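> Given only the sequences and the hints, what does the whole structure look like? Please build it.
Protein chains: 2
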Amino acid sequence: MPALKFLSLGGAGKVTQNMYLYEYEDEMLLVDCGIGFPDVYMPGVDILIPDISYLLQRIEEGARIVGLIFSHGHDDHIAATPYVLPNLPDFPMYGSALTAAFAEQRIGDAKLQHSVQVVKDRTPVKVSQHFSFEFLSVTHSVPDTKHIVITTPEGIIYHGTDFKLDPTPVDNRTTDLERITQLGNENVLCMLVDCLRIERPAWSKSESTTGLAIEQTMVNTRGKFVITLMSSHIHRIQQVVDAATRHNRKVAFIGRSVEQNVKNAVELNMLSIPKGMLIDKRNIDDFPPEKVCLIVAGAQGQEGSSLLRAIYGEHPILQLKQEDKVVFSADAIPGNELNYFGAIDELCRNNIDVVYPDILPDLHQSGHASEPEQMELIGLLKPKYVMPIGGQDRHRRLFKTRVAEKLDYKEKEILTPEDGAIVGFEDGGYKVLDVLSLRPQIVDGLGIGDVGPVVLSDRRALGQAGIVAIVIPRIQGEFDLSNIDVVSKGFVFMRDAAEVV
Amino acid sequence: MPALKFLSLGGAGKVTQNMYLYEYEDEMLLVDCGIGFPDVYMPGVDILIPDISYLLQRIEEGARIVGLIFSHGHDDHIAATPYVLPNLPDFPMYGSALTAAFAEQRIGDAKLQHSVQVVKDRTPVKVSQHFSFEFLSVTHSVPDTKHIVITTPEGIIYHGTDFKLDPTPVDNRTTDLERITQLGNENVLCMLVDCLRIERPAWSKSESTTGLAIEQTMVNTRGKFVITLMSSHIHRIQQVVDAATRHNRKVAFIGRSVEQNVKNAVELNMLSIPKGMLIDKRNIDDFPPEKVCLIVAGAQGQEGSSLLRAIYGEHPILQLKQEDKVVFSADAIPGNELNYFGAIDELCRNNIDVVYPDILPDLHQSGHASEPEQMELIGLLKPKYVMPIGGQDRHRRLFKTRVAEKLDYKEKEILTPEDGAIVGFEDGGYKVLDVLSLRPQIVDGLGIGDVGPVVLSDRRALGQAGIVAIVIPRIQGEFDLSNIDVVSKGFVFMRDAAEVV
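Protein chains in written order, with the working numbering: chain F, 754 to 1254; chain R, 754 to 1254.
In this list, chains with the same sequence are indistinguishable; a pair is considered to hold if it fits within one copy or across any two.
Here are the simulated BS3-like cross-link-like pairs (lysine-lysine), alpha carbons at most 25 Å apart as the crow flies: (1) Lys1165 / Lys1074; (2) Lys1016 / Lys864; (3) Lys767 / Lys1078; (4) Lys1078 / Lys1159; (5) Lys767 / Lys1163; (6) Lys1163 / Lys1074.
If you're looking for bench data, these hints aren't it; they were derived computationally from the structure. Here the structure is a predicted model, which means the values were calculated and not measured.
Here it is as structure tokens:
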């Protein structure tokens, strides 16, 4: 029986819901613990949580979790933690400084108390008898993102989750290609690598270019400059702050997520706001509109977000006027076009200037590596095996084709295990040991539980057709047909249909 | 009271559901009669039909419909006709040859009998005392698309719906810029123009380029070459047939819509299939896989489409094998990414080669004019007023900005009437006369009717939360609490929740 086992607890061919297990004898090392997002086929479901039943089973059998390492601070890598922790024995958690702060924020929001140990780059941490790891700095759309070099008795695993190779990042901390090149001589057994944007043939553009585009839209804004972006994108926020400083606009943050993230980043010196530039959101009206820059949460046009409430005139603080400008510094997440463009269209109906990447492409740059960056990293690291992660099945398949074509890997050397597969590594080889049937937990309203396929299918049917209930009294065994009542919801509007009934 | 009235019956700021009214005294001239597509906020709704209640009201008042002119054969311009005709007195309908055939097909499918008069280009048709019109040839993603020059007592209206300026169209019939240039000297009162792709700064690429991309994917296909595309895209189909001919693959069509459209196009000599190239879909297995090219409906991964059934192994004729290749010669319609990429991902899971525009962009070119093409057409025509149509509110607003910037129109000369607005033209000026509250009819299952906002809101609520019915018997005025029954659907799975109940 092979000694090192690997399993993606969040499933295979998924972008979000990241959670990975490395297992050696009775030691289980976890990487990331993120939420997933439901699609339109899961009505009423808020978020998805990775299936930890395999962990629970192994704990029953005497195994233990030796640690959980966070790669970076995005919710699809950290935010399932508070849902999972109460069901598991305690274990240490590790992250870079900002990631630890973000993860602790999520854990604290759930009224739990667990701290995350801050680990420095290039500093090996011995987690247990069989596992140790080291962080390497990489560039991504949240600062302090790391790749993880995991040393195991079977060899080195390079856990290369979300990244891009940005030559000119906003904080000047480029990807640690020096250490990666060194590792290229250390016989890495298997490299996991972010394949999400394998379809893109051109090297991704630097995050720095968004700063220029943002400043360009700021220059000719007559009223308030309102910008929305991913609330964890501290480098984007830094560039907005810098542009605002140059153009004498005070900065305020509006929206719980962005306010929290900014607070954490400022405390860690990862975001610098010049003295006197920051104003409280409740005081914006004390300044002339042309002297403020508002960074507002809601870049996807989410219901209930600060931006959407402002757009519909329902925000207590932020009123949009015709001389203001709203800038979307984010693309629509695929599948969310309706909300995203709905928000933009509503602004246009109200004659408010709005600028978004479809008009000015540099307003957003992806945080993920394109095909040549992925190839570059693999080429430097020269692992024996390579495994695409963080992409859907079409990305995994294309990755396989490209790595084979461009880097001369053989098909067997590129691992694309199916959903739930446990891969065992031993003596330099690998095989699939078992395939579990993973079933993510669902967070639905205030509860967490197992809303299975039958319930979801019923919900879809109800949502498509509505219901009609026909109530026939039955008195002492006899149906009273003279007294039938019909109740309907979502079928036809009862008042209109009175005569049908 | 102004003499010429204009109203978009399908609403403003919409891409689909095209239906326009021009009214002079008691004469009402219609342009197009297309369906709209519901979004995820309208669960269970199949299609939307323009609101014709204003027409019915005007008919009551003594007005009459003098004609309906179809601009081209897309469903969002013709397919509402069979739903609308039964509610209206007879009137003549006009279209180009292919458009007439497509419209008659839709009408016949609904078991109605109405013919559409075929009108040639540059040939004035006198529709009534006050209206006459002329067709001009333009390029678009269905052959035989026309712009409509409508002569009214108040001046010329140029109805410039969906088009692009393709310098090298597949059938060599370029847009009639000569006649458009002539019209530039005839004081056109108002030009309506397709603004959908105003966000694109570069001239659209010619449809001819897709043929090269398709052939490139065909060349190295080992098994069956399976391609899916918009089923009315006869020029795209022609290019597939041409490539198949060059590479000795017999051609078969699979899917009702594509089979019908091909039949109509072949009869009108708008699609040419060399003798001996066409095979019946039931005979594909009589040929070696590397000798067939299958053109299959379902380019959006629609449920029930031939392609999707084949992908899931449920098609009676088309079985996909690992050496086959599936080519998507269409982009995802915004909002439909889940179905579209879901189909592609499923193919990838089954190890079938799939190529799509995200990998090979030239596999699809839009049929809509980019910004410079829109400006070119307006610049040639030099209308007094210009009105963007066929786009959402963000497109209309950007159009206004661009036309003002680049062609020196004043804000008042660019019309973006709100939803339901009746615009009156008189003595070379215009004003908004009234704003109607338009309410599209809904086709839902087999019926057509007015499923209002309450019903849709109930459906959304049911779909999000499910239902629980609590039945408490009441016998002779007394509730029998010992005998409560609980029924649920979509709430929790009853078997799992037995103990809760």
